[in-house]
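Construct the entire structure; sequences and hints are all you get.
The listed protein sequences correspond, in order, to chains A, B, C and D. The numbering of the first sequence is the working numbering, which starts it at 1 and goes up by one. The numbering of the second sequence is the working numbering, which starts it at 1 and goes up by one. The numbering of the third sequence is the working numbering, which starts it at 1 and goes up by one. The numbering of the fourth sequence is the working numbering, which starts it at 1 and goes up by one.
In case anyone wonders, no lab produced these hints; they're calculated from the structure. Since we're looking at a predicted model, the values are computed, not measured. Keep in mind that a hint or two might mislead.
Each pair may be met inside one copy or between any two copies, as identical chains are not told apart.
Using 25 Å as the maximum straight-line C-alpha spacing, the simulated BS3-like pairs for lysine-lysine come out as follows [to be verified]:
id : residue 1 : residue 2
1  : 106       : 119
2  : 262       : 282
3  : 138       : 119
4  : 282       : 72
5  : 138       : 72
6  : 106       : 282
7  : 158       : 106
8  : 138       : 171
9  : 138       : 106
Number of protein chains: 4
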Amino acid sequence: MSTSKQREKRNDSVILLIHCPDRRGLIAAVTEFITKNQGNIIYLDQYVDPVHQVFFMRIEWELDNFLIPREKIGEYFDTLLARRFQMQWSLYFSREVLRMAIFVSKLPHCLYDILSRWKTGEFVVDIPLILSNHPDLKAVAEQFGVDFYHFPITPETKIDQEQSELELLRKYRIDFIVLARYMQILTERFVQHYPNRIINIHHSFLPAFPGARPYHSAYERGVKVIGATSHYVTAALDEGPIIEQDVVRVSHTDTLSDFIRKGRDLEKVVLARAVWLHLQHKTLVYQNRTIVFT
Amino acid sequence: MSTSKQREKRNDSVILLIHCPDRRGLIAAVTEFITKNQGNIIYLDQYVDPVHQVFFMRIEWELDNFLIPREKIGEYFDTLLARRFQMQWSLYFSREVLRMAIFVSKLPHCLYDILSRWKTGEFVVDIPLILSNHPDLKAVAEQFGVDFYHFPITPETKIDQEQSELELLRKYRIDFIVLARYMQILTERFVQHYPNRIINIHHSFLPAFPGARPYHSAYERGVKVIGATSHYVTAALDEGPIIEQDVVRVSHTDTLSDFIRKGRDLEKVVLARAVWLHLQHKTLVYQNRTIVFT
Amino acid sequence: MSTSKQREKRNDSVILLIHCPDRRGLIAAVTEFITKNQGNIIYLDQYVDPVHQVFFMRIEWELDNFLIPREKIGEYFDTLLARRFQMQWSLYFSREVLRMAIFVSKLPHCLYDILSRWKTGEFVVDIPLILSNHPDLKAVAEQFGVDFYHFPITPETKIDQEQSELELLRKYRIDFIVLARYMQILTERFVQHYPNRIINIHHSFLPAFPGARPYHSAYERGVKVIGATSHYVTAALDEGPIIEQDVVRVSHTDTLSDFIRKGRDLEKVVLARAVWLHLQHKTLVYQNRTIVFT
Amino acid sequence: MSTSKQREKRNDSVILLIHCPDRRGLIAAVTEFITKNQGNIIYLDQYVDPVHQVFFMRIEWELDNFLIPREKIGEYFDTLLARRFQMQWSLYFSREVLRMAIFVSKLPHCLYDILSRWKTGEFVVDIPLILSNHPDLKAVAEQFGVDFYHFPITPETKIDQEQSELELLRKYRIDFIVLARYMQILTERFVQHYPNRIINIHHSFLPAFPGARPYHSAYERGVKVIGATSHYVTAALDEGPIIEQDVVRVSHTDTLSDFIRKGRDLEKVVLARAVWLHLQHKTLVYQNRTIVFT
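This is how it looks when you write it as structure tokens:
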């Protein structure tokens with residue numbers, strides 16, 4: 001099924017993500033705004049952070065009979081509600097398909113997994129671009145018909161290469177980036193161009209075993225479970241807001257290569273769940289924690 | 001900590017469970033009702049069954065400044081909202097502690113588990129009464145200071161004994177019953193006195209292995225996971241609405257007694273989660289399915 | 001990495017699978033046979049079925065200094081040990097790469113997953129052949145460079161088509177078959193050609209929800225976990241010996257399409273684990289149960 | 001069922017735990033020693049550490065017709081095998097019931113859980129003694145008929161109090177100690193009296209969140225799974241060899257007190273599994289890792 005067909009099959013709806021200081025009447029105000037204007041709410045999930053007293057909401061409604069025209073919804077919402085309640089908000093239309101770039105190094109399993117989910121229609125997304133600091137996975141990109149660019153990185157060239165990458169991402173109109181076992185640390189400067197829009201997979205249950213070679217460390221420590229963590233990338237390595245984690249049991253009989261083999265399946269599944277949530281606009285980051293609407 | 005102290009520690013709040021045909025404006029109407037009367041919403045979870053187009057909601061608000069007096073809330077809600085929207089609803093006050101009876105036979109592990117959770121304050125509930133068709137667990141009841149009644153059951157005496165049990169339950173003002181590995185089938189007549197208020201633990205992942213000796217059957221079949229299921233009891237054996245399920249891995253090296261040993265922990269945890277949800281009024285049954293608010 | 005390179009990288013070892021009536025001295029006899037002939041044991045796992053009093057063993061040793069020549073090992077073992085202890089046994093050489101056929105219908109996720117694991121070197125196997133009763137997945141086969149054959153099946157043509165399939169499998173020297181969501185029931189006659197050598201993935205935790213549309217049934221029943229089961233195919237539908245099972249949690253908020261989406265990941269992982277175990281010769285079927293050596 | 005009856009019900013068997021440098025013929029030598037002397041092997045699990053080239057084995061055989069008398073087995077094994085192969089070994093008789101002390105502070109859930117498992121016969125062990133640095137759980141000890149001693153600890157009294165505790169443990173002939181949420185760090189000197197015989201439960205998936213208040217840290221970090229770890233206590237806090245770990249999912253909607261509530265069940269189950277393994281002599285520590293025989 002082509003992406004354009006998938007797009008048509010989708011509801012024509014709008015998704016609103018909000019957070020603001022908690023106070024009485026927020027839910028009533030937002031739902032009134034929608035229902036008074038003939039919007040049919042098809043999803044509502046809200047949450048109040050009990051520590052910071054912050055209100056979070058994801059609400060989705062059908063556009064079919066909605067009285068406010070599509071291109072005016074943001075303006076009206078901002079004027080009538082957001083300013084009054086000091087809301088920060090974002091608006092997404094269900095039929096707008098995001099554009100994703102994949103960064104890889106040498107390991108192919110997450111790349112194959114993402115491309116397969118895309119080809120089978122599980123991920124409704126455009127993937128025009130794969131970037132790598134190594135040439136190894138060019139053939140996989142070709143097999144799936146995606147443009148592949150090789151940006152070798154050395155300490156000396158890093159800044160310049162990132163600059164070129166940013167230009168390429170702009171040219172391809174990329175909305176968000178998935179690091180599919182990309183074994184390079186991105187500079188703070190690079191990350192700032194895509195705040196909460198770069199998704200990484202780290203092969204441990206963070207905060208255990210950050211940094212390099214977590215399977216080796218886990219093996220050394222003699223743990224009985226290993227894990228994987230998908231998180232948004234921030235300037236601090238492996239410390240960004242966690243989107244999803246999962247684990248699998250291991251035993252003393254598992255060798256290091258068993259850890260790596262079992263871990264691969266975890267990495268694929270955990271990263272895929274995080275990407276899926278991002279595509280549904282079901283994540284909202286606040287204070288280095290990720291609200292995951294269900 | 002005594003139950004009365006726990007009671008005081010709790011918020012003074014009211015919990016409303018609703019279901020009704022879905023239509024526009026339901027959330028707005030309910031939240032307006034609360035906020036206009038100065039209620040502070042501390043919990044809201046709602047769900048629309050996409051197949052039956054039914055709306056479900058659990059909403060909780062603090063009573064501190066609420067303008068409608070406690071004893072009038074039901075009446076006002078019914079008049080102003082429930083009739084208009086054809087809502088079925090129930091109202092619970094957070095400080096009202098439920099009264100629970102436990103039915104057991106010979107196996108003590110779930111009984112010990114429930115009584116421990118009660119004594120340690122995890123379950124805020126009154127447990128005045130344990131009933132059994134065998135005398136074996138009388139000592140456990142005594143150890144925890146709970147009245148114990150022995151009702152031997154034969155096919156001939158079953159109807160009469162159940163009648164006596166019902167009278168005892170009434171006398172003790174029991175709100176709901178937990179079958180903690182009670183190895184007798186309750187008659188439809190008995191069950192009708194406590195609709196969706198009898199919680200059973202079955203030692204398999206239903207609908208696999210209903211009826212007697214599920215661990216034996218699981219062992220015979222050579223499954224690689226075993227499970228436990230907690231459900232509300234209905235007239236149809238092991239077919240009531242499921243509240244909670246979980247599983248644990250087994251292998252060919254596990255003997256039948258390993259299945260039973262591993263299963264015990266599952267039974268305890270799965271039953272405890274179901275009881276906890278029931279005590280928080282977080283379950284709502286519709287068409288043999290259980291909505292579990294999170 | 002090409003399969004031939006992977007082959008070379010492997011230990012040059014031999015794997016022996018045994019089962020026989022249990023009696024004293026079996027382990028000592030087998031390990032003596034190996035060590036006296038200068039074989040270095042690198043794996044030993046044994047198990048005694050306590051119900052049937054049957055002994056099972058998987059033992060692997062390096063061939064480097066083994067005194068008995070490779071092609072004589074079976075004969076010697078049979079003469080010196082197997083007859084004496086009434087052993088049934090099979091012998092595999094680590095460097096012999098199995099040949100696998102994949103049967104599919106219309107759903108691509110398991111097919112993509114298997115082919116990706118093959119291409120990335122996780123499955124060391126030859127995959128020369130994909131068969132299908134529908135033409136839909138021809139493009140995937142081509143993308144991965146595997147021959148694709150379309151055998152449409154009707155009740156009238158089934159016997160003849162299976163006959164043609166069997167001839168094709170023989171021509172391609174296929175060792176075992178993976179049904180990657182193949183939505184046709186194989187006849188008993190077909191199955192008998194590949195005893196314990198056809199691996200199926202069923203999308204439920206068997207024995208719950210056998211047969212067609214298990215996700216629909218699970219959704220109807222309101223279960224809180226869904227599962228997947230990989231098993232060897234026998235004449236009785238969905239009743240063959242189970243190799244691997246796993247589950248994932250669902251809630252009332254999950255729609256049928258969420259069940260299907262979450263289930264896909266389970267199916268892929270559970271099938272992949274079963275195929276991996278089969279490739280390592282770590283499974284042994286006895287009385288409709290699968291011994292899975294670890 | 002009384003412990004003495006349980007003792008009689010058990011097989012009369014002997015369990016041997018071995019580790020030594022790996023070499024050819026070890027399994028054959030050990031199994032020959034047993035079978036030539038008419039011992040019937042009922043359990044054998046062995047493992048070779050591929051990094052350190054160390055061989056580990058747990059083997060159990062029935063004593064019924066064994067030719068070497070019970071009290072001579074150790075001597076004969078040592079003379080005939082252990083010295084030759086540089087084996088370190090320990091011998092346990094299935095009918096010898098271990099004596100366990102429990103250390104607690106204020107939290108009762110693990111204590112209730114252990115005592116329940118003991119009373120219901122799941123743990124075949126003697127529990128003559130509970131020690132605590134707080135008086136709070138005296139009533140629980142009394143409820144289960146176990147002696148309770150209160151040893152308040154201050155930095156000044158710690159050394160002396162530990163000395164008194166050690167004398168008490170000796171007086172009660174304690175074999176091993178379970179720290180059931182004991183919130184005091186034991187000195188290295190104390191630990192050395194019970195090497196690999198003090199089992200702790202830590203309420204995180206180590207090495208994440210060692211030290212105090214791991215649930216608070218986990219909540220702060222925004223993790224999506226929380227865990228518990230049972231390990232043998234060494235001088236280095238929370239760094240001893242891990243026996244068992246498990247995790248449970250959490251979400252942003254879980255408050256700190258939900259973390260603590262969900263964690264309690266994990267702690268109980270993970271600690272109980274570790275204690276059960278220790279009681280079966282299924283653990284063997286080597287280089288800060290725990291071999292867990294299955």
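- request: Go through the copies and call it for residue 138 and residue 119: within, between, both or neither, with a Cα cutoff of 25 Å.
  value: both (18 Å within a copy, 14 Å between copies)
- request: Indicate which option fits the pair residue 106, residue 282 if close means a Cα-Cα distance not exceeding 25 Å: within, between, both or neither.
  value: neither (30 Å within a copy, 30 Å between copies)
- request: With 25 Å as the alpha-carbon cut-off, assign the pair residue 158 and residue 106 to within, between, both or neither.
  value: within (18 Å within a copy, 45 Å between copies)
message: Checking an output row: residue 138 and residue 72, CA cutoff 25 Å. Within, between, both or neither?
response: Neither way: residue 138 and residue 72 sit 43 Å apart in one copy and 46 Å across, limit 25 Å.
message: One pair to classify: residue 106 and residue 119, alpha carbons no more than 25 Å apart. Within, between, both, or neither?
response: For residue 106 and residue 119, the Cα distance is within 25 Å both inside one copy (21 Å) and across copies (14 Å).
field: Alpha-carbon proximity context of residue 138 and residue 171, limit 25 Å
entry: Within one copy only: 20 Å inside, 34 Å across.
Same-copy or cross-copy closeness of residue 262 to residue 282 [CA-CA at most 25 Å]: between (28 Å within a copy, 16 Å between copies)
task: Could you figure out if residue 282 and residue 72 sit no more than 25 Å apart (CA to CA) within one copy, between two copies, both or neither?
output: within (23 Å within a copy, 39 Å between copies)
message: Checking an output row: residue 138 and residue 106, CA cutoff 25 Å. Within, between, both or neither?
response: Close inside one copy (10 Å), not across copies (28 Å); limit 25 Å.
Consistency note: the structure conflicts with the earlier hints numbered 5, 6.
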